[in-house]
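First to last, the protein sequences are chains A and B. For the first sequence, the residue numbers in our numbering are 767 to 878. For the second sequence, the residue numbers in our numbering are -5 to 111.
Hints listed in this document are in silico derivations from the structure and should not be mistaken for laboratory results. Don't be surprised by glycine CBs; every beta carbon is placed ideally from N, CA and C. There could be a bad hint or two in this list.
Said to hold, decoys possible - Derived DSS-like pairs: lysine-lysine, alpha-carbon spacing no greater than 25 Å straight-line:
#	chain 1	residue 1	chain 2	residue 2
1	A	K834	A	K873
2	A	K865	B	K72
3	B	K51	A	K865
4	A	K873	A	K842
5	A	K865	A	K847
6	A	K834	A	K865
What the hints assert, rightly or not - Which chain B residues stay away from chain A? Per the calculated CB distances, all over 12 Å, these:
#	residue
7	R3
8	V6
9	K8
10	R9
11	G10
12	G22
13	S56
14	R58
15	F60
16	G66
17	S67
18	R75
19	Q77
20	Q78
21	E79
22	F102
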Amino acid sequence: GQNIDQPTEMTATEGAIVQINCTYQTSGFNGLFWYQQHAGEAPTFLSYNVLDGLEEKGRFSSFLSRSKGYSYLLLKELQMKDSASYLCAVRGLSGGYQKVTFGTGTKLQVIP
Amino acid sequence: GAGVSQSPRYKVAKRGQDVALRCDPISGHVSLFWYQQALGQGPEFLTYFQNEAQLDKSGLPSDRFFAERPEGSVSTLKIQRTQQEDSAVYLCASSPSSNRFPNTEAFFGQGTRLTVV
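Isolated chain A, as found in the complex (with noise of 0.2 Å):
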C-alpha cells in the first residue's frame, strides 16, 4: 500500500517562507503532485516531480528525494490568499493498481 505524512496544520506570516513537508512510502513509485485546495473548493494543480531535484514555478518551488522518500513544498512570499490546505499526492503501486494517493494535507493560515 502507500503511506503518506504530512502536517497537519502550520502557521505563517504574510512576506514569510513557509515549507510542508512530505513523507511518503510506497511501491512502484513513479510522481509526487502538490495541489492546493481551499475550504469548500476543488484541489487546483500546484507541481509535479518524478526526478530528483528542486522545480521552481513563481513563488512555489517543490523538491523530491526519492531515496528519502522525501519531498517538500516551499512557498515564497506568502500572501494572504495562500491560507488554504495542501496535499502531496504520490503515484505508485496499490492493490495491483497503478493509482494516486492523497496525504491528509496541510492547512495553512498565513497571519498578517
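With chain A's structure known, arrange chain B on it following the hints.
Then chain B, alone, in the frame of chain A:
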C-alpha cells in the same frame, strides 16, 4: 464546458435513501476519476474510467456504490441505501490523457457535499 461541473453541489439524504451524483467532465477528456473526501482528510480514490470503460473500481467502499459513464462523457456515482458514514464530499476529476493519472494536472470539480441524516 470551461471546467468540470458536478451536481448537485449539496445533497442531504435520509439514511437508507438512494442518491445519484453527476459529473460533467471537460469536453474531450478521456480519463475520469471519482474521489471521496471526508472532513479534514485528503481525497480517497474510488474509481477510474477511461472513456466508457471502468478500469478500476477498487476504491469503492461497498457494493452500495456504483459508478457509470455509458457514453464516455458524463458520469454518475450512485449510492444505494445511504449510511451516515457515506457523508463526505465526492470529487470528480478529469484528464485529457489516457494514462491512469497524467504527469500533469487532473482537473477537479468542486464536488458534491453529501450529508446523510
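Inset, instruction - If any of the earlier hints don't hold here, list their numbers in rising order. - result: The structure conflicts with hints 5, 7 and 22, although it agrees with all the remaining ones.
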